[in-house]
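Student: Sequence:
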Amino acid sequence: MIINDLLKQAHMTRYRLAEQAGIPHATLSDICNGKTKLEKCSAETVYKLAKALGVTMELLAEDGIRQTERECAYEYGLPEYLQHDLDAYKDGLRKKSSLLDCYWGELYGSINLAEISDGVITPEHADYLRKKYLWGRNP
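In our numbering, the protein residues as written are 609 to 747.
Note that these hints are calculated values from the structure, not bench results. Using N, Cα and C, we set each Cβ at its ideal position, and we do this for glycine too. Treat each hint with caution, since some may be false.
Distance windows between CB atoms, simulated [to be verified]:
1) Trp712 with Thr635: 29 to 37 angstroms
2) Asp699 with Gly662: 20 to 28 angstroms
3) Pro731 with Leu708: 42 to 50 angstroms
4) Tyr655 with Leu742: 15 to 23 angstroms
5) Leu708 with Ser637: 28 to 36 angstroms
6) Leu707 with Arg622: 34 to 42 angstroms
7) Arg622 with Asp726: 38 to 46 angstroms
8) Leu707 with Thr730: 26 to 34 angstroms
9) Arg622 with Thr730: 27 to 35 angstroms
10) His633 with Pro731: 33 to 41 angstroms
11) Tyr716 with Asn612: 23 to 31 angstroms
12) Arg624 with Ser705: 26 to 34 angstroms
13) Arg622 with Asp735: 24 to 32 angstroms
Pairs of lysine to aspartate or glutamate, DMTMM-like flavour, derived with a Cα cap of 25 angstroms [unchecked claim]:
14) Lys703 with Glu666
15) Lys703 with Asp726
16) Lys740 with Glu647
17) Lys739 with Glu666
18) Lys739 with Asp699
19) Lys698 with Glu714
20) Lys740 with Asp726
21) Lys648 with Glu688
22) Lys656 with Asp638
23) Lys739 with Glu627
24) Lys659 with Asp695
25) Lys698 with Glu652
26) Lys740 with Glu670
27) Lys698 with Glu647
28) Lys616 with Glu627
29) Lys698 with Glu683
30) Lys643 with Asp695
31) Lys740 with Asp638
32) Lys616 with Asp699
33) Lys643 with Asp735
34) Lys645 with Asp709
35) Lys645 with Glu688
36) Lys698 with Glu723
37) Lys698 with Glu666
38) Lys704 with Glu714
39) Lys645 with Asp699
40) Lys659 with Glu688
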C-alpha cells in the first residue's frame, strides 16, 4: 500500500503519522494492514493523511482504486471450474456450511489446476486467491 511506502520514505512511524494527521492510531493501523480500505474512509481522513504525508488526496485515492480494480480482475472472469469452486466456497462461508473443509479442498485444487496444469492464471493471481480465501490473509 502506498501509505506504507510513504512512511518509509519519510522515515516516519505509523504512530507519528496518526498523531500528525489527528486520526486514531487504530484507524491508521487498519488502513495500513488492509483491514479498512482507504476508499471507504471519509474524505476528511484521506485529507488529513495526505496533508500529514505531504501528498495529494488523489495520489492516495488512486492507489486504493487500483487495488480495488485488481481485486475485481482477480476474482471474476476465471475459468468456469475455478469460478464455480470459488463461488461455492464463498457461499459455504456465508452459510457456515458443515462441508466447508470440502469446499476449501476443491478451491485449493482448482487454483492449482488453473495455475500449474492449465496455465490460465498467473502465479501472482493464484497467490492472491490462496491468501485471501484459503489462508485468510489480505493479499
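Student: Decide, hint by hint, whether the structure agrees.
Tutor: Here is how each hint holds up against the structure:
1. Checking the proposed 29 to 37 angstroms range against Trp712 and Thr635 shows it holds: the Cβ atoms sit about 32 angstroms from each other.
2. Restraint check, Asp699 to Gly662: a C-beta distance of roughly 45 angstroms breaks the suggested window 20 to 28 angstroms.
3. Taken as a hint, the range 42 to 50 angstroms is violated for the pair Pro731 and Leu708, whose Cβ atoms sit roughly 26 angstroms apart.
4. Range check, Tyr655 to Leu742: about 37 angstroms between beta-carbon atoms, so the 15 to 23 angstroms window is missed.
5. The hinted window of 28 to 36 angstroms between Leu708 and Ser637 holds, with their beta carbons roughly 29 angstroms apart.
6. A hinted range of 34 to 42 angstroms holds for the C-beta pair Leu707 and Arg622, which are about 40 angstroms apart.
7. With their beta carbons about 41 angstroms apart, Arg622 and Asp726 fall inside the hinted range of 38 to 46 angstroms.
8. Take Leu707 and Thr730: their Cβ atoms lie about 29 angstroms apart, and the range 26 to 34 angstroms holds.
9. At roughly 31 angstroms, the beta carbons of Arg622 and Thr730 sit within the given window of 27 to 35 angstroms.
10. For His633 and Pro731, the hinted distance range of 33 to 41 angstroms is satisfied, since their beta carbons lie about 35 angstroms from each other.
11. The beta-carbon spacing between Tyr716 and Asn612, approximately 29 angstroms, falls within the hinted interval of 23 to 31 angstroms.
12. Separation of Arg624 from Ser705 is about 45 angstroms and departs from the stated range, judged on CB atoms against 26 to 34 angstroms.
13. Restraint check, Arg622 to Asp735: a C-beta distance of roughly 25 angstroms satisfies the suggested window 24 to 32 angstroms.
14. Between the alpha carbons of Lys703 and Glu666 the distance comes to roughly 38 angstroms, so the proposed pair goes past 25 angstroms and is violated.
15. About 31 angstroms separates the Cα atoms of Lys703 and Asp726, which puts this hinted pair outside 25 angstroms; it is violated.
16. Distance restraint check for Lys740 and Glu647: the Cα-Cα separation of roughly 19 angstroms lies within the 25 angstroms cut-off, and the hinted pair is therefore satisfied.
17. A hinted pair counts as satisfied when its Cα atoms are at most 25 angstroms apart, and Lys739 with Glu666 does not qualify at roughly 28 angstroms.
18. This hinted pair checks out: Lys739 and Asp699 have alpha carbons roughly 18 angstroms apart, not beyond 25 angstroms.
19. The hinted pair formed by Lys698 and Glu714 meets the criterion: a straight-line CA distance of about 12 angstroms does not exceed 25 angstroms.
20. Using a Cα cut-off of 25 angstroms, the hinted pair Lys740 and Asp726 holds, with the two alpha carbons roughly 21 angstroms apart.
21. In summary, the hint linking Lys648 to Glu688 is not supported, as the alpha carbons are separated by about 31 angstroms, beyond the 25 angstroms threshold.
22. Restraint check for Lys656 and Asp638: the C-alpha separation of about 16 angstroms stays at or below 25 angstroms, so the hint holds.
23. Of the supplied pair hints, the one linking Lys739 and Glu627 is violated, its CA atoms being roughly 32 angstroms apart against a limit of 25 angstroms.
24. Pair hint Lys659 plus Asp695 does not hold up; C-alpha atoms about 41 angstroms apart against a cutoff of 25 angstroms.
25. Taking the CA atoms of Lys698 and Glu652, the gap is about 33 angstroms. The hint is violated against a cut of 25 angstroms.
26. Note on Lys740 and Glu670: the hinted pairing holds, with a Cα-Cα distance of about 22 angstroms set against a maximum of 25 angstroms.
27. The suggested pairing of Lys698 with Glu647 holds, with an alpha-carbon distance near 23 angstroms, which does not exceed 25 angstroms.
28. Restraint check for Lys616 and Glu627: the C-alpha separation of about 17 angstroms stays at or below 25 angstroms, so the hint holds.
29. Between Lys698 and Glu683, the direct Cα distance comes to roughly 11 angstroms. Compliance with the 25 angstroms bound is thereby established for this hinted pair.
30. The hinted pair formed by Lys643 and Asp695 meets the criterion: a straight-line CA distance of about 22 angstroms does not exceed 25 angstroms.
31. With a CA separation close to 16 angstroms, the supplied pair Lys740 and Asp638 stays within the 25 angstroms bound.
32. For the hint pairing Lys616 with Asp699, the CA-to-CA distance comes to about 39 angstroms; that exceeds 25 angstroms, so the pair is violated.
33. Using a Cα cut-off of 25 angstroms, the hinted pair Lys643 and Asp735 holds, with the two alpha carbons roughly 18 angstroms apart.
34. The suggested pairing of Lys645 with Asp709 is violated, with an alpha-carbon distance near 29 angstroms, which exceeds 25 angstroms.
35. For a cut-off of 25 angstroms, the pair hint linking Lys645 to Glu688 is broken: about 29 angstroms separates their Cα positions.
36. This hinted pair checks out: Lys698 and Glu723 have alpha carbons roughly 20 angstroms apart, not beyond 25 angstroms.
37. Restraint check: the Cα-Cα separation between Lys698 and Glu666 comes to about 33 angstroms, which exceeds 25 angstroms; the hinted pair is violated.
38. A C-alpha spacing of about 16 angstroms is found between Lys704 and Glu714, which places the hinted pair at or below 25 angstroms, so the restraint holds.
39. Annotation: proposed proximity of Lys645 to Asp699 holds, straight-line Cα distance about 23 angstroms (limit 25 angstroms).
40. A C-alpha spacing of about 45 angstroms is found between Lys659 and Glu688, which places the hinted pair above 25 angstroms, so the restraint is violated.
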